[in-house]
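Could you slot chain H onto chain S? The hints should help.
As a plain string of letters, each chain reads:
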Amino acid sequence: MWFILPIIGLILGIYLGSNITFQLPAIYIKYMSIAVLASLDSVFGGIKAVLKNNFDGTILLSGFFTNALLAALLAYLGDRLGVDLYYAAIFAFGVRIFQNLATIRHHVITNLRQRKALARGEKNE
Amino acid sequence: MSKIRWPIPITIVLLCLGIMLSLQFQAQTRIASDLTLQRTETLIAMVRGLSEKRQKLALEIIDLGAQLRSQVESNRDEETLLESIDLEMKKLQIVNGTTPVKGPGLTITIEEYMPIIYTDLLNIVNELWNAGAEAISINEHRITGYSTISVAEDIFSEANYSIFMTVNHEKLEYPIVIKTIGNANNLEKGLTLPGGIMDNLALFNAYPKIEKVEELEIPAIQKPVTYYFMNEYKPPEGTIAEEKKDEAANPLTKPLRNILP
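Residue numbers (the numbering used here), protein chains in the order written: chain S, 692 to 816; chain H, 89 to 349.
Please note that a few of the clues may not be correct.
A short, non-exhaustive set of chain H residues, derived as facing chain S with CB atoms under 8 Å [unchecked claim]:
#	residue
1	Pro97
2	Ile98
3	Ile100
4	Cys104
5	Ala115
6	Gln116
7	Lys311
8	Val313
So these bits of chain S aren't anywhere near chain H, every CB distance computed over 12 Å [unchecked claim]:
#	residue
9	Val741
10	Leu803
11	Arg811
A short, non-exhaustive set of chain H residues, derived as facing chain S with CB atoms under 7 Å [said to hold, decoys possible]:
#	residue
12	Trp94
13	Pro95
14	Val101
15	Leu102
16	Leu103
17	Leu105
18	Ser110
19	Leu111
20	Gln112
21	Val213
22	Pro324
Note that these hints are calculated values from the structure, not bench results.
Glycine included, each C-beta is placed from N, C-alpha and C at the ideal position.
If we strip away everything but chain S, and leave its shape as in the complex, we get:
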C-alpha cells in the first residue's frame, strides 16, 4: 500500500503548482520543458530501481535535481553557442524514458505471472 503516498504527493504537487501565483517568464519555458523531461526520466528511473530492488534515495534525489538543472543549463548553453543541444536533450531523455517504461512493464508483468503461478501452485497443493 506504500504506493499511495507518492500518488498523493503528485496530486498535491499539481495542486500547489496550479495555485502558485508565480508565472514562468516566456523565455524560460523552453528550458523548463527540458527540465520537466529530465525529471520524468528520473522518476521512472526511480520506479524501475524500486522494482529491481536496488533503490537508493540519495541517488534518486540528487539525480532528479542535477539532471533537471543540467538539462536546462545545457539547452541554454546550446542556445548561446548556436548548437541545438535542446534536441539532443529531448532525444536522450525521451529514449531513456521509453527504456525505463519498458523495463517497468517487463517487471510488472513477470511479477504478476509469478504471483499467479504461485497462487495456482498453492491451490493445487
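Below, chain H without anything else, positioned relative to chain S:
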C-alpha cells in the same frame, strides 16, 4: 535497503515533478494565446480576419444609424400629424358645439311681458349669425346647424291652454336669455341698426335688454348628433386624380363619425 524507505524520496520527487508539470502546463497554455509568440502567417490571417470583421461592423453601424434616423423622423412626423389632428378635432368640436366655449359677447334678455313669438327669436339668431356671432345659446340650449326654434301648444291640459316657444324641442322658460360670443360692438350694431330687428320689435312695444359681457360661457349641446348614414362624398375613380391624392394625404377626410364624439 529497507522497503519502507523508498516511498519518501519518491514522494518528494513526485511532488516537485507535479509542481513543475503544472507550472509548465500553465506557461504552455499562456504561450498558445500569446500574440508575440505566434507565427507571422497566423498573425497576418488574424489581422485580416479582424479588420474584415471591423469593416463589417462599421457598415452595420452606419446602417443602423440610418435606420434610427429614419425611425426618429417618422416618429416626429407622426407626432406633428397627431398634433394637427388634435387641433383640427378641437376646432371641429367648437364649431359643432360639442364642447363648452367662452369669450366676450352679448346677452339679450327677453321678459315674459314682451310680445315676442318664435319667428322673432329666429330673426334675432339669424341677425346675430349675420353680425359675426361665433356661438349662440338660448337659455343654455346651444344653437347649432341642427337646432330648431319652433312653437308648441299644450293640448293635453285644456284648463290652462297655453302656447309656448321651443328650442331644440324643449320648452323655453322666461326670462329668455340669448347668449352670443363674438365682437360685442358688431353684434350690437347688427341688432340695433335702423330698420333692423330691434326697431321692428319696438313697433310691438318689445324692448329686449342688450348687455355687453366681458366673458360669458356657452354650454355644449346636450345631445350630440350621431351620423349613421352620412359619409364623405368621393368623386368616381380617375376623374380628379390630383384632388384624390390630396385627400389620401389628409387623414381628416374620413367619415365624420370617426371624428365627432
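How the hints compare with the structure:
no.: 1; hint: Pro97; result: holds, 4 Å
no.: 2; hint: Ile98; result: holds, 5 Å
no.: 3; hint: Ile100; result: holds, 7 Å
no.: 4; hint: Cys104; result: holds, 7 Å
no.: 5; hint: Ala115; result: holds, 4 Å
no.: 6; hint: Gln116; result: holds, 7 Å
no.: 7; hint: Lys311; result: violated, 88 Å
no.: 8; hint: Val313; result: violated, 87 Å
no.: 9; hint: Val741; result: violated, 5 Å
no.: 10; hint: Leu803; result: holds, 19 Å
no.: 11; hint: Arg811; result: holds, 26 Å
no.: 12; hint: Trp94; result: holds, 5 Å
no.: 13; hint: Pro95; result: holds, 5 Å
no.: 14; hint: Val101; result: holds, 5 Å
no.: 15; hint: Leu102; result: holds, 4 Å
no.: 16; hint: Leu103; result: holds, 4 Å
no.: 17; hint: Leu105; result: holds, 5 Å
no.: 18; hint: Ser110; result: holds, 3 Å
no.: 19; hint: Leu111; result: holds, 5 Å
no.: 20; hint: Gln112; result: holds, 5 Å
no.: 21; hint: Val213; result: violated, 99 Å
no.: 22; hint: Pro324; result: violated, 86 Å
The earlier numbered hints that this structure contradicts are 7, 8, 9, 21, 22.
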